[in-house]
Amino acid sequence: MAEALGVAASVFAVIQLADRVLTICRLCIESLKDCPQDLRTILIEISSTRALFDSLQFLQQHNPNSVKFLERLSGPNGAVTGCHIAVQELESLLPWHILTDTQNAKTKRQKAEIVLKMLAWPLKQTRARELLARISQHRNTINTTFSTEIWQDVQTIKQDVTQVQEVLTDSQRHTMLEWLEVDDPSPIHNISSGLVEDGTCDWLIETPEWSQWVNLDSRCLWIHGIPGSGKTVLAARLIEKIRQICAQPRDDRWVSVYYYCHHSRSKDESASFIRWIVSQLCRTAGKIPSCLRGIYQRGGEPTQVEILSCLQQLLEWFDIVFVTIDALDESRPTAPLLALQTLITDSRFSKIRLLATSRQYADIQQAMVGMSLPVSMAHPSVERDIALAVRKMIESNPRFKGWPLNFREEVIGILSRQSEGMFRLAICRLDVLKHAASVEEAVDVLYHLPHSLEDTYTRILTSIAQEDWPLVRHILQMLCFHYWLYDDWDHSRLSHTLILDTYAARSGRTTYFYTLETLQEICGCLVAFSECEEGQSFLTFAHYTLREYLESSR
Numbered sequence: 005m006a007e008a009l010g011v012a013a014s015v016f017a018v019i020q021l022a023d024r025v026l027t028i029c030r031l032c033i034e035s036l037k038d039c040p041q042d043l044r045t046i047l048i049e050i051s052s053t054r055a056l057f058d059s060l061q062f063l064q065q066h067n068p069n070s071v072k073f074l075e076r077l078s079g080p081n082g083a084v085t086g087c088h089i090a091v092q093e094l095e096s097l098l099p100w101h102i103l104t105d106t107q108n109a110k111t112k113r114q115k116a117e118i119v120l121k122m123l124a125w126p127l128k129q130t131r132a133r134e135l136l137a138r139i140s141q142h143r144n145t146i147n148t149t150f151s152t153e154i155w156q157d158v159q160t161i162k163q164d165v166t167q168v169q170e171v172l173t174d175s176q177r178h179t180m181l182e183w184l185e186v187d188d189p190s191p192i193h194n195i196s197s198g199l200v201e202d203g204t205c206d207w208l209i210e211t212p213e214w215s216q217w218v219n220l221d222s223r224c225l226w227i228h229g230i231p232g233s234g235k236t237v238l239a240a241r242l243i244e245k246i247r248q249i250c251a252q253p254r255d256d257r258w259v260s261v262y263y264y265c266h267h268s269r270s271k272d273e274s275a276s277f278i279r280w281i282v283s284q285l286c287r288t289a290g291k292i293p294s295c296l297r298g299i300y301q302r303g304g305e306p307t308q309v310e311i312l313s314c315l316q317q318l319l320e321w322f323d324i325v326f327v328t329i330d331a332l333d334e335s336r337p338t339a340p341l342l343a344l345q346t347l348i349t350d351s352r353f354s355k356i357r358l359l360a361t362s363r364q365y366a367d368i369q370q371a372m373v374g375m376s377l378p379v380s381m382a383h384p385s386v387e388r389d390i391a392l393a394v395r396k397m398i399e400s401n402p403r404f405k406g407w408p409l410n411f412r413e414e415v416i417g418i419l420s421r422q423s424e425g426m427f428r429l430a431i432c433r434l435d436v437l438k439h440a441a442s443v444e445e446a447v448d449v450l451y452h453l454p455h456s457l458e459d460t461y462t463r464i465l466t467s468i469a470q471e472d473w474p475l476v477r478h479i480l481q482m483l484c485f486h487y488w489l490y491d492d493w494d495h496s497r498l499s500h501t502l503i504l505d506t507y508a509a510r511s512g513r514t515t516y517f518y519t520l521e522t523l524q525e526i527c528g529c530l531v532a533f534s535e536c537e538e539g540q541s542f543l544t545f546a547h548y549t550l551r552e553y554l555e556s557s558r
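When the letters of the sequence shown are read in order and numbered with the working numbering, they come out as residues 5 to 558.
For the record, the hints were derived by calculation from the structure and aren't laboratory data. Among the hints, a few may not be true.
[Unchecked claim] For lysine-lysine, the following DSSO-like pairs were computed, each having C-alpha atoms within a straight-line distance of at most 27 Å: (1) K396 / K438; (2) K245 / K396; (3) K245 / K355.
It should be emphasised that the depicted structure is a prediction, and the values quoted were computed from it without experimental measurement.
Construct all of the structure, not just a fragment, from the sequences and the given hints.
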């Protein structure tokens, strides 16, 4: 506060001194026909100086923040102080009492004689010119500083205006991101996360490949396995683990995003994948890059190059981005998706750490080997995870409660050892076993189980009770039709009420005693039931391999 008052006093003092100098100069110029040219120069220079300090005084009175730079110029060696001293000395060269003395003059000639006598200008000319040079220099310093401050303020205002123009309302942002999100993989993630049993899937986190990848020593981790080996459930577990890692306190910003390819879409998912990743990063950042706004305002669908450019711009707001993509092989065809290996090799995307899962198809293997750390699902710990999953199913299913404890343990051991790393095969074999009416029958079934997953599906379908077969066939036909008709996961699901209504209409009967529970019992491991939504439960194929089996020529 004291500094501000000191600055105000200095500015006011310069204005007062300038007024006195200007008054004397005007009097001299009016009185003398051949007035020294220097007095005219003083009049011009001091007028400019006063105008500058008038502006500073006005701004200081009405907007003190705008002239805070004056505090820096008001020190002992500052331009404001220097200007004050120079004007004060210049004023001393011009005798102030000349004003009162000239008032007594009766003629212009007398007034001129008084001015010439008192001015004695030739003796003061050199010093006056030196002072004018100093005043001009100080004034230029103040002007330059003032202009710089104004320019910075203008830039700040322009930036603020730009930011205001770029700010989107929540509704606009929501609309833009909805346009960007072609396929939403979150329902698949939620279902898959619910299938993770406690204590399972941790084996991969203990591998050296995982440590290398999560410690940023490698840009890509590729997990491959045979159909039914639990890759999607494992991916869901790893996604949650990555989220925990990103949530840890750190100076830089780490973030996790994911995408699930799905056979129900029956399409090339490369565009959907990148668009979803971009949308999730926008949501995390809380803002939308200018390039994406431009694409949206232009209209039409963005090209892959444009979306990748948006991704590149988004990465500027993060330090590390973990991207998980499950089931590369379920994108049809796989070639366009594999072309996105640029995410791994291009320096523009060096902040990305990619985790991918897939079957070990030749084209995928060729693309991934050499630029990723491969991890096979054929791992000894998978057998232990299968045993845990089978145990949980036996303990939760009332059909197995009557089985002797030692026989249950025998079943768990045989299924986990003979499932060849396939969770799906173990689950389906257990579904075959549950129909056994006695221990003897169960033992016979256990030691004569089908060898392959396809043969197991055949056994399950042929074991369905004759009275239930028309309904099961109707469900499978409806699911196949919807998978063919629609190319997204949401529409390929069917509500259980729609299933029962269409079955009743097809058979010509108005009422059936089937409930959601009886549907689950009849369909067994063939159909998955998602959580209820407004009293509805939705059905879908329990696994991609069942759809492949039904659509094959076998």
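Each hint tested on the structure:
1. K396 / K438: 14 Å, holds
2. K245 / K396: Roughly 22 Å separates the two Cα atoms, so the pair holds.
3. K245 / K355: Roughly 19 Å between the alpha carbons, so the hint for K245 and K355 holds.
The structure meets every hint from the earlier list without exception.
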